[in-house]
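**Q** Next come the chains, spelled out residue by residue.
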Amino acid sequence: MSNLIKNNAIVADEWTRVIPPSLGEEVVKKQAGKVVLFKLTGEPTYSPEQIAATQIPATGKILLPLTVWQANVAQLAGRMAAGEIGILIATHEPLESLAATFSDINELPLIAVFVERFPDGRIFTMGNLLRTRYGYKNELRAVGDVLRDQLFFLKRSGFSSFLIRADRSAEDALSSLQDFSQPYQGAVDEALPVWRRVNRSHA
Amino acid sequence: MYKYDAIDQQIVDERVKQYRDQTRRYLAGELSEDEFRPLRLQNGLYIQRHAPMLRIAVPYGMLSSEQLRKLGDIAKRYDRGYGHFSTRQNLQLNWPKLEDIPDILAELATVQMHAIQTSGNCIRNITTDQFASIAPDEVIDPRAMAEVMRQWSTFHPEFALLPRKFKIAVSGTKQDRAIVQAHDIGLEFYKDSNNQVAIKVWVGGGLGRTPILGTVIREHLEWQHALTYCEAIIRVYNMHGRRDNAYKARIKILVKALGIEEFKQQVEAEWAHIKDGPNTITEAELNRVAQHFEPMPYESLPAHDASFDAAIASNPAFASWIKRCTHAHKQSGYRAVTLSLKPHGKPPGDISSEQMHVVADLADAYSFGELRASHEQNLILADVKLSDLFAVWEKARAAGLATPNIGLLTDMICCPGGDFCSLANAKSIPIAEAIQMQFDNLDYLHDIGDLELNISGCMNACGHHHVGHIGILGVDKDGSEWYQVTIGGKQGNDASIGSVIGPSFSAEEMPSVVQRLIEVYLKERTDEERFIDTVRRLGIAPFKAHVYAEKEAA
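Going down the list, the sequences are from chains A and B. Each position in the first sequence, counted from 1, maps to that position plus 4 in this note's numbering. Each position in the second sequence, counted from 1, maps to that position plus 302 in this note's numbering.
These are computed hints drawn from the structure, not numbers from a lab. It should be emphasised that the depicted structure is a prediction, and the values quoted were computed from it without experimental measurement. Beta carbons are placed, not taken as given, at the ideal position from N, Cα and C, and that holds for glycine. Hints may contain errors.
To be verified - Chain B stretches covered by chain A per the calculated footprint, using a threshold of three residues with CB under 8 angstroms from any CB of chain A:
1) 428-441
2) 531-543
Claimed, not checked - No farther apart than 27 angstroms at their CA atoms in a straight line, the calculated lysine-lysine pairs in the BS3-like style are these:
3) B/Lys502 - B/Lys399
4) B/Lys558 - A/Lys38
5) B/Lys632 - B/Lys493
6) A/Lys43 - B/Lys502
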């Protein structure tokens with residue numbers, strides 16, 4: 005059963021996410037005696053060795069980390085033209101590098117933003133900027149620690165599909181997209197704040 | 303005050319439904335502790351030492367009598383018959399049951415109240431001057447703008463999960479009473495040279511572990527751009543705040559690390575993209591909201607009232623209350639009254655259900671049915687006629703709400719501390735009570751004069767100890783409770799962060815430490831000097847010498 009929500013329905017996921025292999029042990033970072041849970045904006049995600057060792061499936065629609073794409077542009081140009089490549093960017097990776105990699109960001113049929121831990125609210129700003137600053141019009145997907153209680157905010161920040169974390173029910177999550185019917189502020193899905201949408205002097 | 307329309311009501315009703323389901327899923331084991339935590343916090347629910355604590359939003363401190371009665375009834379039915387006003391002008395219940403919270407929220411929604419974003423890593427309750435609209439030094443009534451900002455910040459999708467909490471204060475007076483410099487964003491309204499409403503924008507202030515006063519990021523911002531400019535600031539913060547370390551995650555650390563010039567440059571670059579966008583406030587919208595804050599239907603009265611003057615002349619206790627607990631009013635013949643929630647020997651800021659009903663009745667009878675909560679944790683009747691003051695005093699006194707100590711040493715700011723709060727390093731309420739009993743002599747208190755004493759049970763600084771003239775901070779040393787003392791902190795336009803006088807003290811020592819600080823002041827002060835002035839003139843050395851003299855001798 006798919007856990008992908010798109011257009012208010014659960015649909016099959018056509019895309020295979022490509023994940024670089026982990027080589028050796030992860031170093032546990034600490035700050036003030038506590039394990040660091042969030043990478044800072046701009047920190048690298050994968051080492052050059054990991055990127056080089058990444059296995060890319062030969063056929064089908066694939067979702068690649070931006071850095072893996074950057075290392076394989078030449079080999080994959082044909083598949084990009086065929087619409088088989090989607091790009092994944094993590095919440096700590098700079099959007100500028102995504103924008104700089106493509107002359108037209110709308111060549112991409114799919115951009116996914118990966119959120120490792122759901123309290124990382126950078127994902128909302130990234131969705132917003134992809135839509136409003138970079139003019140991205142195709143599917144924008146939230147993947148990773150995606151839970152129903154953040155769906156309403158993700159939707160408002162410009163996301164159009166949501167891959168709910170595997171151990172949770174996408175069916176249950178659907179209803180949270182409708183948590184609020186008339187939000188106050190303008191955002192991506194509805195640019196106008198409520199006072200420009202309805203006449204509140206008689207509401 | 304602001305009254306909900308159908309849209310506002312629908313949002314709080316939908317919130318009750320959403321939170322009811324979140325609570326159900328948590329209790330059914332469908333949400334883990336880690337997953338539920340941010341959800342309950344954004345609804346003001348902490349898990350404390352003895353029970354959950356629920357923080358109910360009082361937007362910019364405004365309450366109606368109907369709302370206060372409802373709070374009193376909720377405290378009686380779901381708690382132990384009292385509540386606690388906090389330094390963010392909110393009301394906290396110390397003993398509700400987690401399972402009851404959805405029902406409490408449903409009750410609150412019937413009087414246009416909620417607990418949205420009273421905690422958690424999001425934009426918190428927006429605070430302002432408790433004398434908004436009535437203070438003689440007010441240039442702009444900031445409440446309409448505060449309400450516009452409340453709506454904008456409520457469930458703001460982009461800023462739902464920030465690196466850390468985010469506090470905004472607005473002020474429209476010459477003398478700042480909203481501590482705008484101690485907020486993540488402070489908006490100071492003024493009239494510019496063209497007589498237009500403009501905003502001086504402060505950023506990166508905050509107390510807590512690393513107390514820093516804010517810096518001006520923009521001297522002049524047209525009011526229409528308040529929301530988009532705040533969005534630009536918070537967007538830069540959301541992307542670059544220190545999520546790797548909770549102690550360095552506030553915006554003040556980012557502003558310091560980048561420097562104000564670089565931070566400003568990033569904000570302005572971001573703002574260039576969204577300036578004049580749909581969230582730009584229109585005149586029509588501001589006017590719609592401002593209609594809710596029209597001046598009260600005041601009677602036109604002379605500046606003096608014979609019965610009032612006679613009562614002052616003949617009744618010293620009344621005169622002393624008038625002196626400390628009433629405040630000048632824009633409107634001739636009226637005063638604002640502060641009802642002290644600081645009777646000696648009781649937890650500062652606490653109020654019983656019965657007292658809430660008394661205050662609501664006073665508001666209905668004498669102050670247009672409205673009241674305000676102050677960040678100093680007292681309640682204010684904003685619009686009382688001179689001729690009514692004696693009756694208000696008698697009724698307030700009978701209910702234990704007329705201690706004439708406003709602005710004095712015993713009108714202290716105090717967090718709930720280690721008796722309730724699971725973050726606290728040390729108790730704060732018993733320290734407050736011991737100091738109040740040490741100074742339980744009104745003549746002596748009045749002689750000491752204006753003095754702000756603030757107590758926090760830990761470095762999170764809910765009790766604003768850094769900006770107290772005397773600040774007391776609970777610290778943990780090898781598992782026992784100690785208290786660090788600062789002097790010379792101050793709120794207001796000339797705000798400052800206090801200096802630590804030396805090694806910390808045990809709880810038993812605290813009343814005599816304060817006593818000794820006061821002794822130095824009384825000996826050294828010049829005629830017109832307040833405690834803070836003497837500290838600023840002399841520095842901490844003489845205070846330190848006297849406080850520690852006995853310790854060293856012993």
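**Q** Take the hints in turn and mark each one as holding or not.
**A** Against the structure, the hints:
no.: 1; hint: 428-441; verdict: violated (count 0)
no.: 2; hint: 531-543; verdict: holds (count 4)
no.: 3; hint: B/Lys502 - B/Lys399; verdict: violated, 43 angstroms
no.: 4; hint: B/Lys558 - A/Lys38; verdict: holds, 23 angstroms
no.: 5; hint: B/Lys632 - B/Lys493; verdict: holds, 18 angstroms
no.: 6; hint: A/Lys43 - B/Lys502; verdict: violated, 34 angstroms
When each numbered hint is compared with the structure, violations occur for hints 1, 3 and 6.
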